[in-house]
Amino acid sequence: MTTLTSLAKVEAIALDRAQLIRTVRHVHVSPRPLIFVPLQLAGEACAPLAAMVGDDRDHERLLIAYEPRDRTERFRFAAGLGEVILGYVDGYAAGDPGEGVPYPDAPQVWVPNAGGMKFAELLGRSTRFRRTEGPHPVPASVPLLGRWVTYLAERAQHPLSSLFLSATQALTAHWATGQSATEDQNLATLLAWIAPPPGQTGAQAALLAENPARCPPAGPVTDPDFDRDVLEGLIKAIVAARQSGDAAARERAQALMARELHSVLKPTWDLMWQAVDLLRSLPPGDHVAERWKTDRFSFTGYVRYLQEGGVPQARRDAAVDAARRLARLENEAQQLAAHMAYDDPLVMAEYRMTGDAFAGPVVRAEPDRLDETGKRARLRPWITVETTDDVLAELGADLRSPARPAQQARVIEVERAGERTRVTIELQSGMGRKLVPEPGSVPGLGDVVCYTTFKAEFQPPPKFPDREDTPWTHGGPPPEYVPRDEEAAEEWE
Amino acid sequence: MSSPGGAGTERRLAWLRGGELPQTHNARTIAALASNPGCARRALLDAAATRKQDIAEHAGYPVPFGMSPFALSRGVVFERQLKDDPGGLLLALLRETLNLDIAEVGFTDLNDVGGSPDLAVRHARTKAVLTGRPDQRGTLFDHPLLRFRVGGRHAYLEPDLIAFRHDDTFHVVEIKSFAVIDGQADPAKVAAAAIQSAVYVLAMRDLVGDTATVHHESVLICPRDFANTPLATTLDVRKQLGVLERQLSRIAGIDSVLAHVPADVSFSLDADEKGVPQRDPGDLLRDIKRVDANYSPECLASCELCYLCRDEASGSTSVLGKSVREELGGIESVPRALKLARGDDPLPVPEDLREAAAILRRAASLRRDALAAARAETW
Numbered sequence: 001m002t003t004l005t006s007l008a009k010v011e012a013i014a015l016d017r018a019q020l021i022r023t024v025r026h027v028h029v030s031p032r033p034l035i036f037v038p039l040q041l042a043g044e045a046c047a048p049l050a051a052m053v054g055d056d057r058d059h060e061r062l063l064i065a066y067e068p069r070d071r072t073e074r075f076r077f078a079a080g081l082g083e084v085i086l087g088y089v090d091g092y093a094a095g096d097p098g099e100g101v102p103y104p105d106a107p108q109v110w111v112p113n114a115g116g117m118k119f120a121e122l123l124g125r126s127t128r129f130r131r132t133e134g135p136h137p138v139p140a141s142v143p144l145l146g147r148w149v150t151y152l153a154e155r156a157q158h159p160l161s162s163l164f165l166s167a168t169q170a171l172t173a174h175w176a177t178g179q180s181a182t183e184d185q186n187l188a189t190l191l192a193w194i195a196p197p198p199g200q201t202g203a204q205a206a207l208l209a210e211n212p213a214r215c216p217p218a219g220p221v222t223d224p225d226f227d228r229d230v231l232e233g234l235i236k237a238i239v240a241a242r243q244s245g246d247a248a249a250r251e252r253a254q255a256l257m258a259r260e261l262h263s264v265l266k267p268t269w270d271l272m273w274q275a276v277d278l279l280r281s282l283p284p285g286d287h288v289a290e291r292w293k294t295d296r297f298s299f300t301g302y303v304r305y306l307q308e309g310g311v312p313q314a315r316r317d318a319a320v321d322a323a324r325r326l327a328r329l330e331n332e333a334q335q336l337a338a339h340m341a342y343d344d345p346l347v348m349a350e351y352r353m354t355g356d357a358f359a360g361p362v363v364r365a366e367p368d369r370l371d372e373t374g375k376r377a378r379l380r381p382w383i384t385v386e387t388t389d390d391v392l393a394e395l396g397a398d399l400r401s402p403a404r405p406a407q408q409a410r411v412i413e414v415e416r417a418g419e420r421t422r423v424t425i426e427l428q429s430g431m432g433r434k435l436v437p438e439p440g441s442v443p444g445l446g447d448v449v450c451y452t453t454f455k456a457e458f459q460p461p462p463k464f465p466d467r468e469d470t471p472w473t474h475g476g477p478p479p480e481y482v483p484r485d486e487e488a489a490e491e492w493e
Numbered sequence: 001m002s003s004p005g006g007a008g009t010e011r012r013l014a015w016l017r018g019g020e021l022p023q024t025h026n027a028r029t030i031a032a033l034a035s036n037p038g039c040a041r042r043a044l045l046d047a048a049a050t051r052k053q054d055i056a057e058h059a060g061y062p063v064p065f066g067m068s069p070f071a072l073s074r075g076v077v078f079e080r081q082l083k084d085d086p087g088g089l090l091l092a093l094l095r096e097t098l099n100l101d102i103a104e105v106g107f108t109d110l111n112d113v114g115g116s117p118d119l120a121v122r123h124a125r126t127k128a129v130l131t132g133r134p135d136q137r138g139t140l141f142d143h144p145l146l147r148f149r150v151g152g153r154h155a156y157l158e159p160d161l162i163a164f165r166h167d168d169t170f171h172v173v174e175i176k177s178f179a180v181i182d183g184q185a186d187p188a189k190v191a192a193a194a195i196q197s198a199v200y201v202l203a204m205r206d207l208v209g210d211t212a213t214v215h216h217e218s219v220l221i222c223p224r225d226f227a228n229t230p231l232a233t234t235l236d237v238r239k240q241l242g243v244l245e246r247q248l249s250r251i252a253g254i255d256s257v258l259a260h261v262p263a264d265v266s267f268s269l270d271a272d273e274k275g276v277p278q279r280d281p282g283d284l285l286r287d288i289k290r291v292d293a294n295y296s297p298e299c300l301a302s303c304e305l306c307y308l309c310r311d312e313a314s315g316s317t318s319v320l321g322k323s324v325r326e327e328l329g330g331i332e333s334v335p336r337a338l339k340l341a342r343g344d345d346p347l348p349v350p351e352d353l354r355e356a357a358a359i360l361r362r363a364a365s366l367r368r369d370a371l372a373a374a375r376a377e378t379w
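As they're listed, the protein sequences go chains Z and S. Residue numbering for the first sequence follows our numbering, beginning at 1 and increasing consecutively. Residue numbering for the second sequence follows our numbering, beginning at 1 and increasing consecutively.
Please note that the accuracy of each hint is not assured.
Unchecked claim - Cut-off 30 Å, straight-line C-alpha distance, at most; resulting in silico cross-link-like pairs (DSSO-like, lysine-lysine):
#1 Z:293 with Z:455
#2 S:322 with Z:118
#3 S:239 with S:289
#4 Z:434 with Z:375
#5 S:322 with S:339
#6 Z:463 with Z:236
#7 S:189 with Z:118
#8 S:239 with Z:118
#9 S:239 with S:322
#10 S:189 with S:339
#11 S:176 with Z:118
#12 S:83 with Z:236
#13 S:83 with S:127
#14 Z:236 with S:176
#15 S:189 with S:322
#16 Z:455 with Z:434
#17 Z:118 with Z:293
#18 Z:266 with Z:236
Don't read these hints as lab results, they were simulated from the structure. Everything numeric in this text was worked out from a predicted model, so none of it was measured.
Next comes chain S alone, as it looks inside the complex (with noise of 0.2 Å):
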């Protein structure tokens, strides 16, 4: 048996991914694995480092999870305002936001590696420049690329942030293009900006060691009402960092995943020279079957396999939402529980339904008495 993360480890998850270059990770996806942790199947297929949107096209149920160009150029012009001057506008919003004594900033771009797109080498580069000793009061390391550890293994984060660091403490620095309105931002988008702010903050203190400390106040920068002048924010992240933490811990090593799998299943697409997939869509969709999923609604919001899955859990209580399942008592077939609920299931009916079976009974008289005295009126 090989040691975590080791090299049998790799070469099972290079032969799943097939001939594919790994992909990389970011915090958005780090994010939603830590979502659904009991999921062997897309924990599987993120270490595997696979192009799940690919996949799951390849095998017949493709995810419109495209973004809107007028979204991505939004973006970019929000983002460049602040780093085309970081002296500028940028320092003196994180002056004022966590109330420092500084007068200039250095701004290192840690993403250009004299042109090495090698994940290792920049990684490095990041490292060695962010552990080293600090040559100024206040300074920003731009596209710093972190390493996350998640299954058991390492996985590089395509950097999204900014680092601030500041006698010995770094702030992790966000920039996100959807507006603070009045005070108030879309809570949905602010609790992912939350929860990605923990990932990096986790990744960075995982990076800097005893060098120095990460500060669990990430500043999160946004556009103001309508306009684009940018207002920035103090985020606590101690929560998302505990939540992320746990569910983390939940997901299994990815060894324990791998003892789980038969040795002959690939993702691999078989992709000919010109990168067209060759391989057989039934049988690619066979093999991913062959891994278990933990499909539940949330999934449709991230993860590219959501229709895959949802259609194999047809048929499943599952599909219809946490809340509904619970109400039904935790029964997991659509059949069983109408049979239950009708009171005409041939089978004796387990001792730990049998209170579900109740209410669920009790329920379906209910419903239908109540259909019965609308139609007659009766009160």
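Chain Z with its partners taken away, still in its complex shape (with noise of 0.2 Å):
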């Protein structure tokens, strides 16, 4: 939280409704998203209950283990999420897209919040090194489905990354509500804040939704009275009529939790939609479509790993593999910050309150200044910008400007005057070659500009030694990793 968004929360209360804490929209957002609501049985590390999935709103997929405990059902189960979801991967996998060249589109698949996540990633663990073969054979959907989603809860870990989302945190990362970050891990209240129903008020409508009989929680954990009331006696039933042979009874019991559940999940599947349009409605940033783009050669990169008989992620990182990818993540992070500041006004607000960027009106130019003190004459146009926010930067700093990211900018002169700070700044490039700057290069007197001290281009990540020279300290060379047999057979009970 900051100033501004915390003042944006003050604004949601007295306005009775969410605020808008973004101009654009900084995540992408499939034409054809791949929505996940999984739902598990509570007090187990991952014992998949059920789950609704479907890229069509109007045809939802309803998967059921109907019996969560049993290692059977919850194969069964694996495989049948598993067809779903590769075959919603596969859509984008077509063909061959030549060397260095990423697929047209790529995946896009949506949890309600952080449990959800959490979920796909033990899922992930507890499925991909399952083997086809060998003294506990699982069909093929199984571990591929597991390799699926670690790759997709490893990037949803990608600051930069949307190929897998959690409706919350993509919400919350836009719209500031009048309640707290804790009550906003609940899909149901964040929505009945954004997008209160007609003469309700959002924390009218928030108090409604918070009641779990009314908007049954978005999983990935039931709400207690369910289990007890509902459930646990369906589930007995179940188990008690398999046991007995009853074929009719098990069938009927089966129909009654399928009814439940789907009662229990359809809320949620039409809250999900729901968020994706809100999302969808806002215009994306510029620099969207360019991260998006790095999804997609991630993806592309993935499906070729596997098609080339990859083997599934290791547990764990080696400690080269470790640093290298914390120092990506912290990179994107700065990357994703910059980004979002150069596209929106709002996120460049953060900066201006803080002393990192500045804005005003152009009160001078010389937009044909000529530094002549070496052999040739260089065009060194010089711009005063006249401003009221508080200015960090000094004398010699590099500056850049959203709307010329590209032009290099240094600061000649600060004067303060009271309220007012008058920055004089030398452009360096981006002005054409001649001695006079192409139109529009330079910004004119009176257009109102912003600088900032940091950019919104790549920046390489540091070096790391190769694998091979991992220093001693840090255990030395690691053994390549092989799965063992003992993942491919481990308990899931």
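Reassemble the complex: the two chains are provided individually, in unrelated frames, and hints are given to aid placement.
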């Protein structure tokens, strides 16, 4: 939270509905996302209970593990889920795009919340090592599902990626509600604040949405009352019917369970599509397509890796891989922050609050100024910007402007007079090759401009030693990862 | 004036509770109390050992703090397989984790004292057994009934631990059913287990006095990966002990809380012989509100009165969370924060709010400009 977003929360209370804290959308929204609402059995690490999944809002698929504690049922559920998710993913991996070219589009999976993401990660962990032959054979879709959801869960950690999104996270990144961050984790109350039904305030709608009997929790854990009053009896009946061999009774109980789970999942399913629609209604930021392209490259790379028989992801990274990965994530976080600021004046306002950016009108301009101190004259226009923002940039600092992101600029003089600060800036590139600037390449008198001390360009990550040069302090070169038999046969009970 | 925790205090607390039997504490409720030491309402409701869930419901703010039968049975199954054969799996785990050389252990369940439900009797038995001479090198005591001093008053702890005694050193052993996957568990659950362990360590130290030491390293036993195989880890709770002692010392002695509460305030539900509350809910609510609360969104995870206090706090920035409130310069009222931000408060800004007000005005003007710029797309 910052002062600006906190202020927006206060406004949300006063204005009875959530307020935008971004003026553009900073995530990619697929034209055909896959919605995945998983449920798990309470108290278990990762016992799938049911899932509502699909890429068409009018045709939800309901998958159920009728006996969630039974191993065979779990793998049957995983195989069914695998078919849906793999079918969706395969739709984006048709043909060979050619060397160095990504697929034209990539899959995008949405879960309701952070818990849903964690569930996907654990589901990936418990299925990706399984084998289709040997002592505990499973259908081919099980380990493949495991690798794909593990891949997606890993990508979700990358700040620049939009392949795998949590609805609450994507929404709270764009709207401030009149409730706390804890309560914002509840998809139903969050949407109640963002889009309250007619005649209700956000607070009233959220209060109603908080009642699990009205709005079943978005999972992955179900409402304890539902577990006690409905689910427990149904599962018992199914187990009993199977044990006594009463196929008709079993079928009846399963049909009942399917109906109950459908009624618990369908409200969240509808909220998920509402979340997608809301985010889609915001115009995308300029850098969103560029970031999605890195997702497409990543996706294309993983398809190829699997085609070439790549092994499942190891349970833990080796030292160099882990260090490289962390550096990359940090780098991406900085890049994302800069992208967002450049695409969105409301994000830039955060930096103007802290003095890392300033904006104001150009009050003096020498667009044709030449620097004649060297052998050849160089075009070095000076402009003076007057601002009421705090300016942290010091003499000689490099600056960039969202309007001309590639143009290098340097601080020549900072004069402070009361509330106003005048910053004189020398422009050093991006004006053409002649001694007069190309039209539009230098801000004119009276133009409102914004300058920052950071840039949105890609920064190369630091160098790390190769795998075989892992220093002894980090355990020396790690052995090549080969999946082991125990991993494939691990219990899942 | 009666002495702290004396007969006068007891009488007032009993009056607050109405005719109800006192509720027992558990490590979770004490940990929750320690997380909001500034809340007089919670301190009083806990000190009087009231049924907070029933009170909240009758006052019109029921809170769904139920536990799933699946989670309960999973916990029971996991615990059973360890306790059914303490000399086997459990001992092997302890031997390995604490690096001890013990061939066998004794196992005593202190839960059952000739069927007596009396807490004082159970506590006395626990004390006698735990401070007696050790007759074996390793001994496990299940369900010791401990006492804990909170708010200047002793509360019994509903036990959920095993005390493991070895050469006059006790270790707290906690069995939890959340999984440790590839060496990692849910950090929130581990943190909760650690603070609970710290409550047990403090209570154990209080109990055994000088006759033995209670180690700051607890043993946490959880299922490993996706199976039911147990995995034991030591948990150093020194940091949690420090936090807990500091927080508990900040909880005002209950007498000073009582001094600010009008004598006629009561949380009684006036239940009839069938246990059905007869008290007017509005009357109960009024009495609850006569004791100050200190609401924050963290209460939603741990206090039965959270919805009541949240409703009462509406219009205050505290409902938005501590970090938001800090960003707003600590300003408590939502309308006031907005007025300061818009600069249209007719009252002069007090000295101590001047800086906060300037920052808010600046934020508001930047927000307005940015929204306007987005519409006009000037840059």
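How the hints compare with the structure:
no.: 1; hint: Z:293 with Z:455; result: holds, 20 Å
no.: 2; hint: S:322 with Z:118; result: holds, 26 Å
no.: 3; hint: S:239 with S:289; result: violated, 35 Å
no.: 4; hint: Z:434 with Z:375; result: holds, 16 Å
no.: 5; hint: S:322 with S:339; result: holds, 20 Å
no.: 6; hint: Z:463 with Z:236; result: violated, 58 Å
no.: 7; hint: S:189 with Z:118; result: holds, 14 Å
no.: 8; hint: S:239 with Z:118; result: holds, 28 Å
no.: 9; hint: S:239 with S:322; result: holds, 23 Å
no.: 10; hint: S:189 with S:339; result: violated, 41 Å
no.: 11; hint: S:176 with Z:118; result: holds, 20 Å
no.: 12; hint: S:83 with Z:236; result: holds, 26 Å
no.: 13; hint: S:83 with S:127; result: holds, 22 Å
no.: 14; hint: Z:236 with S:176; result: holds, 25 Å
no.: 15; hint: S:189 with S:322; result: holds, 22 Å
no.: 16; hint: Z:455 with Z:434; result: holds, 26 Å
no.: 17; hint: Z:118 with Z:293; result: holds, 25 Å
no.: 18; hint: Z:266 with Z:236; result: holds, 24 Å
Comparing the model with each numbered hint stated earlier shows that hints 3, 6, 10 do not hold.
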